[in-house]
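Q: Sequence:
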Amino acid sequence: MAETKHGAGGRTGRAHPLGRGSAALAGVAAVAAALGLAELVAGLIPAAPSLVVAVGDTVIDSVPGWLEQWAIATLGTADKPVLIGGVLVVSVLIGAGLGVLARRYVVLAAGGIALFATLGVAAALADDRNPVFLTVLVGLLGAVTGIAVLGLLVVGLPRRAVPADADRPAPADPADPGTVPALSPLDRRRFLAVTGGATVLGVLAGIGGSLLSGRERLDQLRAAIRLPVPARQAGPVPPGATLDVPGITPLFTPNAEFYRIDTALRVPTVDPDGWQLEVRGMVDEPFTLTYAELMELPHIEADVTLACVSNEVGGDLVGNARWQGVPLRALLDRAGLQEGATQLIGRSVDGFTAGFPVLTALDVEEAMVAVAMNGEPLPAEHGFPARLVVPGLYGYVSATKWLSAIELTGWDVDGYWIPRGWAKEGPIKTQARIDVPGGAVTAGRRPVAGVAWAPTRGIERVEVRIDDGPWQEAELAEPLDVDCWRQWYLPWEATPGRHRIAARATDGRGEVQTDERTPVAPDGASGYPVIEVVVS
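Position 356, counted from 1, in the sequence shown is what our numbering calls 366; the numbers after and before it change by one each time, with no gaps.
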């Protein structure tokens with residue numbers, strides 16, 4: 011007679027009615043239901059945090075700088091979806107393991123789900139902007155849901171019996187004391203239906219929570235905003251500022267195509283009616299502006315190219331736009347700088363910080379608190395309702411999005427990326443990029459073309475070298491502004507074979523782009539962009 015064993019959770023035996031695979035599915039369904047409900051609640055209640063995003067944020071804040079650099083360089087703008095996907099994959103694996111554990115130790119597995127939720131709550135509470143009550147409520151509801159689903163699938167559904175030493179669930183004599191409940195064929199179908207239903211509902215709830223996170227209302231608010239006419243408008247675009255070359259990067263990057271690199275796993279949805287901008291720190295008269303007050307101040311317009319320090323030579327983490335906003339200099343003059351205020355720290359609603367020299371804010375007229383991009387209110391992904399735009403500096407030290415505070419400090423205060431191995435100062439290096447031709451063309455007259463940038467200095471010359479030939483000067487488009495890129499073009503008589511094409515730019519100060527190849531860390535990549543072209 012087989013001995014029935016009892017685990018920490020009550021009735022279990024050597025042969026549980028669920029096989030390991032089915033139990034793993036039950037655990038996955040339980041975790042999916044837990045996460046889905048937690049995300050749905052977070053979406054329905056504006057102040058409630060997403061536990062998945064909180065865990066992802068903790069990962070970002072905890073990993074070493076070199077790993078963050080690798081992720082950005084390797085994944086580019088896909089780094090955030092990959093991280094969220096990784097959190098979900100780990101969650102699924104944990105759920106599968108807890109499901110298998112529940113075959114013998116139901117209570118212990120339920121405790122595992124509770125611990126799983128607690129870790130999410132702890133990650134969310136590490137950000138002191140998340141309200142404790144709502145954070146705990148989200149975690150509690152998720153944990154209760156997960157435990158209930160796991161209990162239903164592992165304990166509640168089995169009906170018939172199987173010998174305790176059987177490898178698989180099978181019908182057996184219910185009178186035999188060495189048997190435990192098992193699943194009949196009808197119950198198995200019911201198990202699969204409930205498991206699949208719980209999983210699908212969890213996924214749909216999670217998606218719904220994400221969709222309900224305020225984005226639709228934010229789009230409505232943006233659509234209702236009427237931008238003021240700038241007191242100083244950007245000049246008209248000269249006819250020759252755009253070259254007629256198929257495949258060349260456009261003069262202005264469409265908002266939907268503008269690169270996005272930041273630390274926010276979920277784009278903050280900030281209601282402009284409740285938003286405020288603080289100007290504080292080492293100033294004589296700190297003050298706070300509402301969105302309406304910011305919009306009433308005199309605005310400027312400027313065409314500015316922004317670049318990410320993680321942009322590889324020839325990469326696409328760079329874009330040009332027409333920005334509108336309030337000059338930083340005007341805000342600093344109003345606050346009054348104290349002696350020793352050498353750095354301006356931008357603080358985001360999501361906790362990100364970036365700092366740059368105060369002299370830059372005072373000397374560069376186009377440095378601004380921007381509220382518009384290419385003629386429309388800032389998109390949510392690019393910092394709505396307000397962000398910093400500072401020509402000539404990489405974004406990691408200047409381009410604070412979802413701006414909440416401007417703080418004047420000494421130079422000893424570090425922004426987010428500095429302790430992670432990046433340079434304290436981040437001037438954008440003179441760069442050229444080759445857009446065309448592609449990897450393979452036919453012989454004949456072909457364009458070699460692209461863009462070059464050196465914000466605050468402008469571009470005076472671009473040269474191209476084919477194979478080991480001499481440097482040839484390219485034709486430049488008419489300049490729009492020293493702060494934005496210029497298109498360039500060189501006609502090329504392409505002959506059959508494999509060719510290497512390199513380019514280099516010279517900025518308005520006469521400095522030629524260096525051929526010294528360096529990585530993106532700690533202060534931006536350098537070297538000539540080089541492409542290989544096969545001509546047939």
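Worth double-checking, as some hints may not be accurate.
Computed spacing ranges between beta-carbons, pair by pair [unchecked claim]:
#1 Q243 <-> E503: 40 to 50 Å
#2 L237 <-> G448: 30 to 40 Å
#3 V247 <-> G431: 37 to 47 Å
Bear in mind the hints are in silico, worked out from the structure with no lab data behind them. What you are looking at is a predicted structure, and each value in this text was computed from that prediction instead of being measured. For each residue, glycine too, the CB sits at the ideal point set by N, CA and C.
Q: Honestly, which of those hints from before does the structure not fit?
A: none
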